[in-house]
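2 protein chains.
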Amino acid sequence: MKANVIIKLKSAVHDPQGETIGHALAGLEYDQVTSVRQGKIFELTLDVSSKEEAASMAREIAERVLSNPVLEVFEVEVED
Amino acid sequence: MKANVIIKLKSAVHDPQGETIGHALAGLEYDQVTSVRQGKIFELTLDVSSKEEAASMAREIAERVLSNPVLEVFEVEVED
Numbered sequence: 700m701k702a703n704v705i706i707k708l709k710s711a712v713h714d715p716q717g718e719t720i721g722h723a724l725a726g727l728e729y730d731q732v733t734s735v736r737q738g739k740i741f742e743l744t745l746d747v748s749s750k751e752e753a754a755s756m757a758r759e760i761a762e763r764v765l766s767n768p769v770l771e772v773f774e775v776e777v778e779d
Numbered sequence: 700m701k702a703n704v705i706i707k708l709k710s711a712v713h714d715p716q717g718e719t720i721g722h723a724l725a726g727l728e729y730d731q732v733t734s735v736r737q738g739k740i741f742e743l744t745l746d747v748s749s750k751e752e753a754a755s756m757a758r759e760i761a762e763r764v765l766s767n768p769v770l771e772v773f774e775v776e777v778e779d
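Chain order of the listed sequences is S and E. Per the working numbering, residue 700 is the first one in the first sequence, and the count goes up by one each step. Per the working numbering, residue 700 is the first one in the second sequence, and the count goes up by one each step.
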């Protein structure tokens, strides 16, 4: 079973890499792009029997290992 | 309007960072995790009037700027 853990910076946290990409897009005449924020995604393949178990394990791993709760927020999506 | 561009390595491409995280998880007794693949996500805020326009612009930006078509695949999700 596959679970995606999506990690984004909290909105109050400065994201210089995203800003740089935003400036580059403005230079390429994508003026409608008002903000770019970069994050990470981890695709976990889990050998468990139910979607609930996959979601609960992915959330635990995201909290304990993958994310930094001071700076980041995460969400978990389990694929069918 | 917000559009997420999710970029993952093609499945044939080696992902050492994901593998390292996988080994670390095995060491933490998450033995059910059989694979970890890392990717990137870009959250674009777009000043456009329709979801269709947002999706089309995000796809164009993903193709031209954000992804490397040799190594990566991307998908676009527009938020309501």
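To be clear, the hints were calculated from the coordinates, so they are not data collected in a lab. Please note that a few of the clues may not be correct.
[Claimed, not checked] Partner residues aside, some chain E positions facing chain S, computed with beta carbon under 10 Å:
id : residue
1  : Lys-709
2  : Gly-738
3  : Val-769
4  : Leu-770
[What the hints assert, rightly or not] Facing chain S, according to a computed beta carbon distance under 7 Å, are these residues of chain E, among others:
id : residue
5  : Leu-708
6  : Val-712
7  : His-713
8  : Gln-731
9  : Val-732
10 : Gln-737
11 : Phe-741
12 : Leu-743
13 : Arg-758
14 : Glu-762
15 : Val-772
[Said to hold, decoys possible] For each label pair, taking beta carbons as the anchor points, the in silico distance ranges come out as:
id : chain 1 : residue 1 : chain 2 : residue 2 : range
16 : E       : Val-769   : S       : Lys-709   : 18 to 24 Å
17 : E       : Ser-749   : S       : Lys-750   : 20 to 26 Å
18 : S       : Glu-776   : E       : Asp-746   : 23 to 29 Å
19 : E       : Ala-711   : S       : Asp-730   : 35 to 41 Å
20 : S       : Glu-759   : E       : Asp-746   : 36 to 42 Å
21 : S       : Glu-762   : E       : Thr-719   : 30 to 36 Å
22 : E       : Pro-715   : S       : Arg-763   : 30 to 36 Å
23 : S       : Glu-728   : E       : Thr-719   : 23 to 29 Å
24 : S       : Val-712   : E       : Val-712   : 25 to 31 Å
25 : S       : Asp-779   : E       : Glu-751   : 22 to 28 Å
26 : E       : Glu-752   : S       : Val-764   : 34 to 40 Å
27 : E       : Glu-751   : S       : Ser-748   : 36 to 42 Å
28 : S       : Leu-727   : E       : His-722   : 28 to 34 Å
We treat Cβ as the ideally placed atom computed from N, Cα and C, and that holds for glycine.
Now for the hints, and whether the structure bears them out:
1. Lys-709: Because about 13 Å separates Lys-709(E) from the closest Cβ in chain S, which is outside the 10 Å limit, the hint is violated.
2. Gly-738: With a closest approach of 4 Å, the Gly-738(E) hint holds.
3. Val-769: violated, 20 Å
4. Leu-770: violated, 15 Å
5. Leu-708: Hint violated; Leu-708(E) Cβ to chain S Cβ min 10 Å, cut 7 Å.
6. Val-712: Nearest chain S Cβ about 13 Å off; hint violated.
7. His-713: violated, 15 Å
8. Gln-731: Hint holds; Gln-731(E) Cβ to chain S Cβ min 5 Å, cut 7 Å.
9. Val-732: Holds. Min distance 6 Å.
10. Gln-737: holds, 6 Å
11. Phe-741: holds, 6 Å
12. Leu-743: holds, 6 Å
13. Arg-758: violated, 12 Å
14. Glu-762: Check failed: Cβ of Glu-762(E) comes no nearer than 12 Å to chain S, outside 7 Å.
15. Val-772: Violated, about 12 Å.
16. Val-769(E) / Lys-709(S): 18 to 24 Å: Because 33 Å falls outside the window, the suggested range is violated.
17. Ser-749(E) / Lys-750(S): 20 to 26 Å: violated, 33 Å
18. Glu-776(S) / Asp-746(E): 23 to 29 Å: holds, 27 Å
19. Ala-711(E) / Asp-730(S): 35 to 41 Å: Holds, at about 37 Å.
20. Glu-759(S) / Asp-746(E): 36 to 42 Å: holds, 38 Å
21. Glu-762(S) / Thr-719(E): 30 to 36 Å: violated, 19 Å
22. Pro-715(E) / Arg-763(S): 30 to 36 Å: Since the Cβ atoms of Pro-715(E) and Arg-763(S) sit about 22 Å apart, the hinted range of 30 to 36 Å is violated.
23. Glu-728(S) / Thr-719(E): 23 to 29 Å: violated, 39 Å
24. Val-712(S) / Val-712(E): 25 to 31 Å: holds, 30 Å
25. Asp-779(S) / Glu-751(E): 22 to 28 Å: At roughly 26 Å between Cβ atoms, Glu-751(E) and Asp-779(S) fall inside 22 to 28 Å, so the hint holds.
26. Glu-752(E) / Val-764(S): 34 to 40 Å: holds, 38 Å
27. Glu-751(E) / Ser-748(S): 36 to 42 Å: Distance hint for Glu-751(E), Ser-748(S) holds at roughly 39 Å.
28. Leu-727(S) / His-722(E): 28 to 34 Å: Since Leu-727(S) and His-722(E) have Cβ atoms about 40 Å apart, the given range 28 to 34 Å is violated.
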